[in-house]
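Peer 1: Protein chains in written order, with the working numbering: chain H, 18 to 261; chain Z, 18 to 261.
Just to be clear, a hint being listed does not mean it is correct.
Partial list, computed: chain Z residues near chain H (C-beta under 8 Å) [stated by the list, open to error]:
| id | residue |
| --- | --- |
| 1 | PHE48 |
| 2 | PHE126 |
| 3 | LYS171 |
| 4 | ILE173 |
| 5 | LEU184 |
| 6 | ALA188 |
| 7 | SER201 |
| 8 | SER223 |
| 9 | TRP241 |
| 10 | SER242 |
| 11 | SER244 |
| 12 | LEU245 |
| 13 | ASP254 |
| 14 | TRP257 |
I should point out that these hints are in silico values taken from the structure, not numbers from a laboratory. Glycine included, each C-beta is placed from N, C-alpha and C at the ideal position.
Protein chains: 2
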Amino acid sequence: MTYCVGMLLDAGLVFLSDSRTNAGVDQISTFRKVTVFERPGERVMVLLTAGNLAISQSVVNVLHEHENEPGVSIWGAKNMFEASLSVGDALREVHRRDADALKEHHIEFNASLIFGGQIAGEPPRLFCIYAAGNFIEATADTPYFQIGESKYGKPILDRVISRSTSLAQGAKCALISMDSTIRSNLSVGVPLDLLSIKTDELKVHSHVNIDENHAYFRMIRTRWSESLRHAFHEIPDPEWMRRS
Amino acid sequence: MTYCVGMLLDAGLVFLSDSRTNAGVDQISTFRKVTVFERPGERVMVLLTAGNLAISQSVVNVLHEHENEPGVSIWGAKNMFEASLSVGDALREVHRRDADALKEHHIEFNASLIFGGQIAGEPPRLFCIYAAGNFIEATADTPYFQIGESKYGKPILDRVISRSTSLAQGAKCALISMDSTIRSNLSVGVPLDLLSIKTDELKVHSHVNIDENHAYFRMIRTRWSESLRHAFHEIPDPEWMRRS
Chain H
18 MTYCVGMLLD AGLVFLSDSR TNAGVDQIST FRKVTVFERP GERVMVLLTA
68 GNLAISQSVV NVLHEHENEP GVSIWGAKNM FEASLSVGDA LREVHRRDAD
118 ALKEHHIEFN ASLIFGGQIA GEPPRLFCIY AAGNFIEATA DTPYFQIGES
168 KYGKPILDRV ISRSTSLAQG AKCALISMDS TIRSNLSVGV PLDLLSIKTD
218 ELKVHSHVNI DENHAYFRMI RTRWSESLRH AFHEIPDPEW MRRS
Chain Z
18 MTYCVGMLLD AGLVFLSDSR TNAGVDQIST FRKVTVFERP GERVMVLLTA
68 GNLAISQSVV NVLHEHENEP GVSIWGAKNM FEASLSVGDA LREVHRRDAD
118 ALKEHHIEFN ASLIFGGQIA GEPPRLFCIY AAGNFIEATA DTPYFQIGES
168 KYGKPILDRV ISRSTSLAQG AKCALISMDS TIRSNLSVGV PLDLLSIKTD
218 ELKVHSHVNI DENHAYFRMI RTRWSESLRH AFHEIPDPEW MRRS
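Please put together the full structure from these sequences, using the hints given.
Peer 2: Following this line, the structure appears as structure tokens:
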């Protein structure tokens, strides 16, 4: 399993992904799930993948293979909607090639992608692309998408993130959301890729690799746990049980 | 869907369940998922159910039907292990009756139960019973079980609950865990049943019904959100992004 989150803020985009891949519990590996497509000043696009690793990697390979084909390549897409169509088409190409064989082995064609970025001429946009190659786009009401093990880390996103959240706060919130997921689910783990894009910069603003020794993430892990315990103890106990 | 949590603490047992049942999103109803079996001074047992409501209700009915049959009735069980065997057998009886018919309609035989309590002569015990009628028991390392939509509300339990937690704190933590679940998942909703058993009292210690107007739960909902936002803002932003 995996956990990835992408946020569309007025200030730009924030992406965070873990890097754990498992087939059962005895085959756990580290694979990066982030791919960056960047031509500074013209376009910057980020792809996060969850689900079957063979499918995810194939999608990225198909996108690279098509990079010189006009009308198909995401490098030639006029806007992020067209680029998302290209990613969806790449996923469908992998489906045509692999789905029947997977079915014979009772393996579901399981993939979900977060794809976001900015192409000169339009504001940053964020998409969630399903296994069928169709997709939805983030709006003002829903400024984030999650894929993979999304439930543990959703409550803090729901409480904190809005379009006016800064990039730095978005990154902090994504890391707290990831911390809650890692604590409760063995299939999600460091190292993490944390990447941000600032509106109208048309390049990667920051890209940090976070392992277990990363000072800021360690501080978050400690402080957030302490804060939660403190907040918990600050709330009065139910009076009908106080003497229990 | 549903969300239930049961805790085994040194001080006793805490049980919390929601009451929402849905078949799709257009058929949402309120059904209690808590059944109490109590003979004060001798035994007190609580059953929480998640999954297919028809199965859960059948299990409770089978247990009531068998109440005068020696060797089968949970009222005659010498200890909580024997009582759990009876609950598992009731589930298997429902499986024998319904599973084939459900299969013809492509409906999974889906049920999970939390069952806990105390029978005179032994300490309180807590079990999680699966659809197959088999079960596991809570130990010092794992003092709680969740069934249903368990992921949203797991991080706070993992951070706060240990065997030395008081009944009142256990109840408070269960309510915070439920709040996180209700906020992030439409299929879980009030009213809630919150029930506690104090070690060696051999009766229900408290049983509170909590609806949306319940003052304590409203306070928790407001305060917890405020505390999380406050804790979030107290943590410094990542310095490499501070100017973002």
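Peer 1: Against this structure, judge whether each hint is valid.
Peer 2: A quick look at each hint next to the structure:
1. PHE48: 23 Å, violated
2. PHE126: The hint is violated - PHE126 (chain Z) has no Cβ within 8 Å of chain H, the shortest such distance being about 20 Å.
3. LYS171: This hint holds: LYS171 (chain Z) lies near chain H, its Cβ roughly 5 Å from the closest one there, short of 8 Å.
4. ILE173: With a closest approach of 7 Å, the ILE173 (chain Z) hint holds.
5. LEU184: Where the cut-off is 8 Å and the nearest Cβ of chain H is about 3 Å from LEU184 (chain Z), the hint holds.
6. ALA188: Status holds, d = 5 Å.
7. SER201: Constraint on SER201 (chain Z) satisfied, holds at 5 Å.
8. SER223: 6 Å, holds
9. TRP241: 7 Å, holds
10. SER242: SER242 (chain Z) check passes; min Cβ-Cβ to chain H is 6 Å, inside 8 Å.
11. SER244: 4 Å, holds
12. LEU245: Because about 5 Å separates LEU245 (chain Z) from the closest Cβ in chain H, which is inside the 8 Å limit, the hint holds.
13. ASP254: Where the cut-off is 8 Å and the nearest Cβ of chain H is about 4 Å from ASP254 (chain Z), the hint holds.
14. TRP257: 6 Å, holds
In this structure, the hints that do not hold are numbers 1, 2, in rising order.
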